[in-house]
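Chains S and C supply the protein sequences, listed in that same order. No gaps in the numbering here: position 238 of the first sequence is 238 in our numbering, and each next residue is one more. No gaps in the numbering here: position 102 of the second sequence is 102 in our numbering, and each next residue is one more.
There could be a bad hint or two in this list.
Unchecked claim - Derived pair list, reagent style BS3-like, types lysine-lysine, alpha-carbon separation capped at 30 Å:
#, chain 1, residue 1, chain 2, residue 2
1, S, Lys429, C, Lys46
2, C, Lys46, S, Lys123
3, S, Lys123, C, Lys334
4, C, Lys46, S, Lys122
5, S, Lys426, S, Lys220
6, S, Lys122, C, Lys334
7, S, Lys210, S, Lys353
8, C, Lys46, S, Lys426
9, S, Lys43, S, Lys242
10, S, Lys426, S, Lys210
11, C, Lys256, C, Lys200
12, S, Lys353, S, Lys220
13, C, Lys334, S, Lys426
Unchecked claim - To be clear about the criterion: a stretch of chain C counts as covered by chain S if any three or more of its residues have a C-beta under 8 Å from a C-beta of chain S, and this derived list gives those stretches:
#, region
14, 48-62
15, 303-312
16, 316-326
Said to hold, decoys possible - If you want a taste of the chain S side facing chain C, the calculated C-beta under 7 Å gives, among others:
#, residue
17, Val69
18, Gly90
19, Gln91
20, Ser94
21, Ile168
22, Ile236
23, Gly393
24, Thr397
25, Ser398
26, Met405
Source of the hints: derived by calculation from the structure; they are not laboratory data. On a predicted model such as this, the values are computed, not experimentally measured, just so you know. No residue lacks a Cβ here, since even glycine has one placed at the ideal position from N, Cα and C.
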Amino acid sequence: MELDSAMLSRLLTSLTLGFHIIFATLGVGVPLLISLAEWIGIKRNDPYYTLLARRWARGFVVTVAVGVVTGTAIGLQLSLLWPNFMQLAGQVISLPLFLETFAFFFEAIFLGIYLYTWDRFKKPIYHWLISIPVVIGSTLSAVFISTVNAFMNSPQGFDMVDGVLTNIQPLAAMFNPATPTKVGHVVMSAYLTSAIVLAAITAFHMLKGKRSTYYRKALKLTMTAGFIFAIGTAVIGDFSGKYLAEYQPSKLAAAEWHFETSENADLVVGGFLDHDTNEVKYGLVLPNFLSILAHGNPNAEVMGLDQVPEDEIPPLYIHYLFDGMVGIGMFLAALTFFYVIALRLKRFNPENKWFLRLIVLAGPLSVLAIEFGWIFSEVGRQPWILWDILRTGHAATSAAGVGWMFVLFLLLYVVLGTLCVTVLRKMFKTNPVENELEEIARTK
Amino acid sequence: MDIQLLGITVLWVFLYGYLITASIDFGAGFFAYYGELTGRDHIINKIISRYLSPVWEVTNVFFVFFFVGLVGFFPDTAYYYGTALLVPGSIAIILLAIRGSFYAFGNYGAKKSRVYTFLYGVTGLLIPASLSTALTLSEGGFIEEVNGEVKFLAGELFSSFYSWSVVLLAIVSVLFISAAFLTYYASRANDEPALELLRKYALFWSAPTILSSVLVFVALQQHNPVHFERTLDYAWFFIASLFCFLIATYLIFYRKRYGMAFIFVMLQFFFAFFGYGISHLPWILYDHITIYSGYTNETTGVYLVLAFIAGLCLLVPSLVLLMRLFLFDAEYVKGNKS
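Pulled out of the complex, with its shape left as it was, chain S reads as follows (with noise of 0.2 Å):
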């Protein structure tokens, strides 16, 4: 690895990514189980449900704030490393940037109004209507963004004639093949982990020996809702697979790999490879597997990275990314359908140290699957910036300094992420549920 300029843009951006991602992450799902927590506390008349939703609302805005800092942060960082990139991609992508900006404004405008109208309206549903439009806001902030990445894997609406874009048609960039899986991934797989690192809060609390009719309810919301979405992320996760296929076979087969194009492919999970011969140890093979993900057909042919040019193939390791992912996106789905099981069928107790361990453990592990999610599809489009079209290598910035302002925002990041946990563990120490639900006991 050569720390040229480009390298060195990578890891910046890179590192900007993966820090703001988690924010970005709960930025999108949270509102939304905000939302839902509020909507059950006024349908049914229960206090409970308020309070997770008010006091949810706290520490979000918290998050929100690192979130709108480090995205302003990539948002410029984006011209400023890969002014290149932008020049010309700018030309037909800008439009959903720019109507990510709306989105955004869209949010922040009714975040403002939501966190500090709870008391101002005579009819509590009126508050609650008001969280409509950031859940919309903050959704379509991560349609428009992920249209962009999506246009990346998969640029089209333009034509390219000795290096100037000819017939430009925004649309057809923003709806490319690659814009509903990726999308749908991006914003399901958003509300799963926000769904889990609630629950796993919650869990972490009852293990300490919470176990009021608060927590209870945290937990059987967030993980109820959890169960739905990982559902949904199974399922577009299994179109993103046929995407890949398709559009980006080298992708898919250096994600699986699938080094010789092969009709009843068979999936390798895990293992070890031996560089010189391509054989791959200890794995765990599932027959015709990768057959049946990459076109739904066991007999299939997928295509391996025996037809790929060598200075096209991304690197090898993503494997264990794609697979640490689906891994742990497995794991939510069984666990949250484990307690869904277990409270209706009441024989089994899922608040039982054991289940509760496993569902904190859970909450990190779902932004570690953000993570390979996302490192997986940027990597896993290495060495192209802009698929088929334009290098990385060529994308970058050609000035100086690049690896000094990675120290500067490495330090930015640490300084941000320990403060962020501090102050929110400290505004619910100083806080206590307790205290909040004796006073609602008292006016009763």
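Got chain S; can you put chain C on it based on the hints?
Only chain C this time, still in chain S's reference frame:
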């Protein structure tokens, strides 16, 4: 009006929006810190936080909107400014990040901390200083293209009289705009002690805004005589600006109609900002990019304008609602509503 002109006008309007809202925010940060240093924080900090808490993110979006729109309409700016501004741009991002998140940590978190207020106050002056250099760069002479490689002449920038005069104007304006607005906000809240203090700040920073503007003109004449000549063609903008300034200061001095006074402050900067903008045209970056040479293709341009109109239909009512709830609702301003 051709579409390029329409595009830059839209962007300029948003930058003006950012100039006003961000100035209020930046200045408030400084006053809050200064208040704490001089033991007067109990007088003004409540007013400041009641206004800022619900709106700071909106302020930030004005800025994001401007630069995303700029790169969208004029992709060449990404290439030139993107390359040249790597270091100063990164530093501005870091300052903005520190400011935004520390505001949230300090205000929504459990406890106020002196460190947060300090950083919040200092970044309030450093950010306008660093952002204003982007406007300085646009005058030309600081970016060079040699053999297809864009070079930023940092030494030139730091030793330029013009550059420093702009920094001075930026800081002074921030303090004046902010104090004028907060004076109005305090009067709405019937908060006498805060009103007195903020009015004093507003008057203190009034004359320096005009003096530093004159300084910028003098410096511009030396740095970019072509642009200076063109400002004379649009002299009436600057005269109108001065006129509005006089009315605003008169009203604040005689304790009359603080709301009207702030509107005149906004007009003062509106005329100056647009006078500057119009005389700057057609250049976006002097000697390198004009609004015609740097323009994106026609199709994208039309889509962006359509998106902008659709977006505006959504945003304007939302902004009005936000302002009615937090700016014009006397009960909220007084602190009687949570």
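Fill in: Indices of hints not satisfied (ascending)
Hints 9, 22, 23 contradicted; others consistent.
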